[in-house]
Amino acid sequence: MSTVRTRLTALVVAGFTAATVAACSAPTDSSSSSSSTNSSGGSAGAAVDAKTATSAKDFGSMDKLVEAAKKEGALNVIALPPDWANYKEILDGFKAKYPQIKITSAQPDASSADEIAAAKRLKGQGTAPDVFDLGSAVALTNTAMFAPYKVESFDKIPAENKEATGLWVNDYAGMMTVGYDSAKVPAPTSLADLLKPEYKGKVALNGDPTKAGSAFGAVQMVAINEGGTVDDPTKAIDYFKKLKAAGNFLPVDPTPATIESGQTPVVFDWSYNQTAIPAKVKTWKLWAPPKALKTYYNQAINKDAPHPAAARLFQEYLFSAAGQNAWLKGGATPVLMDAMTADGTIDKAAAAALPKAGEVTVPTPDETDKAKSKLATAWPAAMG
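According to the numbering used here, the stretch in the sequence shown is residues 14 to 397, in order.
A hint or two may mislead.
Okay, derived cross-link-like pairs now, EDC-like style, lysine to aspartate or glutamate, Cα gap no bigger than 20 Å in a straight line [to be verified]: (1) K254 <-> D194; (2) K307 <-> D351; (3) K387 <-> D206; (4) K307 <-> E211; (5) K101 <-> D122; (6) K115 <-> D351; (7) K133 <-> D122; (8) K383 <-> E211; (9) K110 <-> D76; (10) K83 <-> D96; (11) K298 <-> E173; (12) K169 <-> E380.
Distance ranges between label pairs, derived from CB positions [claimed, not checked]: (13) D379 <-> G240: 17 to 23 Å; (14) A365 <-> P264: 49 to 55 Å; (15) K209 <-> A362: 35 to 41 Å; (16) T202 <-> G86: 53 to 59 Å.
Think of the hints as simulated: they come from the structure by calculation, not from any bench. All residues carry an ideal CB built from backbone N, CA and C; glycine is no exception.
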């Protein structure tokens with residue numbers, strides 16, 4: 014189960030020292046080659062450039078993709094803390110299935126923006142990230158950095174949850190909630206309650222909404238509950254300005270440590286980031302406003318991935334029943350949930366444990382893009 018992922022607002026990659034890079038350095042293969050077979054089973058007679066492969070068929074078969082990934086022997090991931098949407102189980106599962114592939118997990122507490130910054134800074138190096146897990150606000154403005162790829166289950170993913178060529182694919186969704194320590198603050202019944210003196214210096218966002226997907230989702234959730242829309246953050250910005258003016262906004266990124274210590278007793282964050290908190294903070298509860306917001310994170314492959322075959326194999330694992338059910342057990346809604354429910358591969362107990370919601374809004378990519386564009390200048394101007 015997952016706890017809070019710290020979506021850092023600072024570009025922490027600037028502090029990723031050369032020594033660390035050297036220590037975490039993985040093989041610097043820039044591409045993978047393997048002999049492949051065509052769809053009819055005959056020899057393709059040519060080496061496969063993993064960087065341009067758009068499906069496992071380009072390798073000749075899934076077995077050939079696995080072979081190429083094992084030959085690379087490494088996979089670089091970034092911004093995947095083990096307690097975020099059950100990524101520990103996912104990474105452990107991948108390692109167990111493919112022990113020949115060493116995973117290097119860099120900057121687990123980085124933001125979506127940090128992922129992109131790291132890929133740019135480390136381009137051409139063996140330590141560059143192979144894959145991304147990004148909030149939509151960041152993913153949609155960086156598609157030029159992605160390589161198109163369709164996993165075997167691609168056709169089962171709804172059209173609205175993927176880019177047609179596989180440049181990006183929604184992977185899992187969460188519901189935006191307000192988590193609070195009921196021993197330290199009264200239970201909120203509306204967003205207006207958080208403006209009251211009882212919440213002075215106690216209400217935190219999980220990151221900077223211009224950089225972090227979780228904080229951006231909080232802005233969209235507040236917008237629709239304050240009479241606005243998901244594509245226009247104006248109402249939400251007005252709300253957070255009031256929260257700051259009241260002295261209630263706490264400019265501290267929440268972590269499990271800040272929650273346990275009581276430093277951040279009220280947190281806007283995804284439900285799946287808070288499912289494990291009650292194990293340590295018994296009085297931690299979740300509240301969702303009348304209009305619920307669900308939004309997806311996005312998987313993408315770095316087009317300059319130093320381990321392109323391993324990157325593609327990791328995507329195949331994430332969109333398999335094992336990967337999708339692992340996210341589900343972490344309190345997230347996997348994108349293939351409907352398809353897996355229909356074919357009987359869903360984890361029924363994990364599905365039953367998901368938070369229940371009334372009226373749900375799922376922003377479209379276009380709505381998210383519009384909101385992000387407006388927020389980029391309006392948020393810093395309003396909040397400093």
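Do the hints match the structure? See the list:
1. K254 <-> D194: violated (23 Å)
2. K307 <-> D351: The given pair, whose Cα atoms are some 16 Å apart, holds under the 20 Å limit.
3. K387 <-> D206: Status violated; Cα separation ~27 Å.
4. K307 <-> E211: Given pair K307, E211 is violated - Cα atoms ~28 Å apart, limit 20 Å.
5. K101 <-> D122: holds (14 Å)
6. K115 <-> D351: Distance ~32 Å between K115 and D351 Cα, so the pair is violated.
7. K133 <-> D122: Measuring from Cα to Cα gives roughly 18 Å; hence the hint holds.
8. K383 <-> E211: violated (35 Å)
9. K110 <-> D76: With a Cα-Cα distance of about 13 Å, the restraint between K110 and D76 holds, given a limit of 20 Å.
10. K83 <-> D96: The given pair, whose Cα atoms are some 27 Å apart, is violated under the 20 Å limit.
11. K298 <-> E173: violated (32 Å)
12. K169 <-> E380: violated (24 Å)
13. D379 <-> G240: 17 to 23 Å: Since the Cβ atoms of D379 and G240 sit about 21 Å apart, the hinted range of 17 to 23 Å holds.
14. A365 <-> P264: 49 to 55 Å: violated (37 Å)
15. K209 <-> A362: 35 to 41 Å: holds (39 Å)
16. T202 <-> G86: 53 to 59 Å: At roughly 54 Å between Cβ atoms, G86 and T202 fall inside 53 to 59 Å, so the hint holds.
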